[in-house]
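Visitor: As numbered in numbering that gives the first Met the number 0, residues 0 to 429 make up the sequence shown, in order.
Hints were generated in silico from the structure; no laboratory data involved. Quantities reported herein were computed from a predicted structural model and do not represent experimental measurements. Any given hint might turn out to be false.
[Stated by the list, open to error] Capping the alpha-carbon separation at 27 Å, the derived lysine-lysine pairs in DSS-like fashion look like this:
hint	residue 1	residue 2
1	K135	K181
2	K149	K85
3	K163	K151
4	K59	K94
5	K163	K150
6	K150	K124
7	K181	K124
8	K64	K94
9	K214	K181
10	K124	K214
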Amino acid sequence: MELSELLSVMPDILSRQNSVLSDQEMVVLLLRNPELAQRLLTMTNSEVKKHYVDQRHTQKLSQFKTKNPARNGYWCTHIYVNGKRKEVERATIDKLYDFLFDFYHGQENKNKTYDDVFALFIESKREFGRSELTIKDYQRYHGFVSRDIKKKDIAMITEDEIRKWFFMDYLTRRPKKEAMKKMLQQVQAVFSFGMDRGFCFSNPAKRIHAKDYFKFCDLSTKSNEERSFSSEDIEKLRAYCLNDKKNPHAAMMLVAMETGMRVGELAALRNEDIEDGFIHVHRQQVIKFDEGEKTKRHWADVEYTKNERTNPKGGRLVPVTVRCQKALEIAFALPGRSDYVFHHPDGKCVLKDSYLYYLRRRCKALGIPISHNHAFRVAYNAKLIEAGADGNERCLVLGHSMQTNERHYSFSDRRKAEDVRNKLNELEMA
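Put together the whole structure using the sequences plus the hints.
Guide: So this is what it looks like as structure tokens:
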């Protein structure tokens, strides 16, 4: 930084009436006034520290207003140490900035373990808007990495160590081929992130290729029958739910089996979304973090479905068949009033987690080995095939990647959805 740039931050100290100091004059002035030079240095350092902290610290700095004279006027904020939120307070804002500068400077200049870099990797993914489900997926795969690798300086980890863990530990679990590929891709991504941030200088996992290890994976595949509720399973669940009509989870399950909707879509379904014999599926319930927080979270609705997050098309139409209408009528008769179709007596919507818990408990009680909502989607897809719906029609109704690219539903889309409804009603009446 040029001397003139440094001095420009303190014009009130060095200004002269109707004149401007040259760089040479500034040097002379500072040499002749050591006290002034020290003041300038102190204040310049303060500005530099403040800028450094502001670039890294995302939490709000607040001043106490309390009747306690010992703490009134203190400044406080929050930092994260090993993923845990910690409150910090200092008597003045300058002292708080000094602490934060030392904290972040120390964090950035100490050696980083693989664990440390992974935590920063996750933080960057959140900043780029990755969903909480994706974050959980990253964390789940991270759990398979050996402790020896996690706790070692990332710059000191070798290719041989990665290969040894991968072959002698991870592959002994007989993962599926796709899971193994994701595991390896994530490890490579963490090292690449570490290289970008200057924590390591090479990617020891780069030359480890997934195709070389396919033969060590579980290459068996489940049939649709193994991934789906059977017709007997669905009838057991239907009978159970019909005996629990005042429970919003039961109503939600009844609609799930008649529509193949995802859990988040069901939880976010509102009364206004059902009209003219169709359900307009265009939102879902997701986890959101509180503003400025990294640990406190809540459930919220977003105006897109899982497959339209990055490429919105306005949602999709699901036909309301005779059975689906009966299931919806049970939902409409739930105690309490709410904009949500599935709600508790106090009007609050059903959360995804509570519904999935209910579904698992019901399946366990009935001796059904499958206990996830996706099994309803697979069963519904099979029902569509039995009804004679072609691939495009099934994608249209289920919201898969093959559905139309139009943002809003066209007349032909509606005609196709009507055809699907007629086919399903014919099957139900047979």
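Visitor: Hints first: check each against the structure and report whether it holds.
Guide: Evaluated hints:
Restraint check for K135 and K181: the C-alpha separation of about 13 Å stays at or below 27 Å, so the hint holds. Proximity of K149 to K85 is assessed by CA-CA distance (about 23 Å); at most 27 Å being required, the pair is judged to hold. At most 27 Å may separate the alpha-carbon atoms for a hinted pair to count; K163 and K151 meet this at roughly 15 Å. Distance restraint check for K59 and K94: the Cα-Cα separation of roughly 15 Å lies within the 27 Å cut-off, and the hinted pair is therefore satisfied.
Between K163 and K150 the alpha-carbon distance is near 16 Å, which keeps this suggested pair within the 27 Å criterion. Distance check on the hinted pair: K150 and K124 sit about 22 Å apart at the alpha-carbon level, within 27 Å; holds. Restraint check for K181 and K124: the C-alpha separation of about 16 Å stays at or below 27 Å, so the hint holds. A C-alpha spacing of about 18 Å is found between K64 and K94, which places the hinted pair at or below 27 Å, so the restraint holds.
Taking the CA atoms of K214 and K181, the gap is about 16 Å. The hint holds against a cut of 27 Å. The hinted pair formed by K124 and K214 fails the criterion: a straight-line CA distance of about 32 Å is larger than 27 Å.
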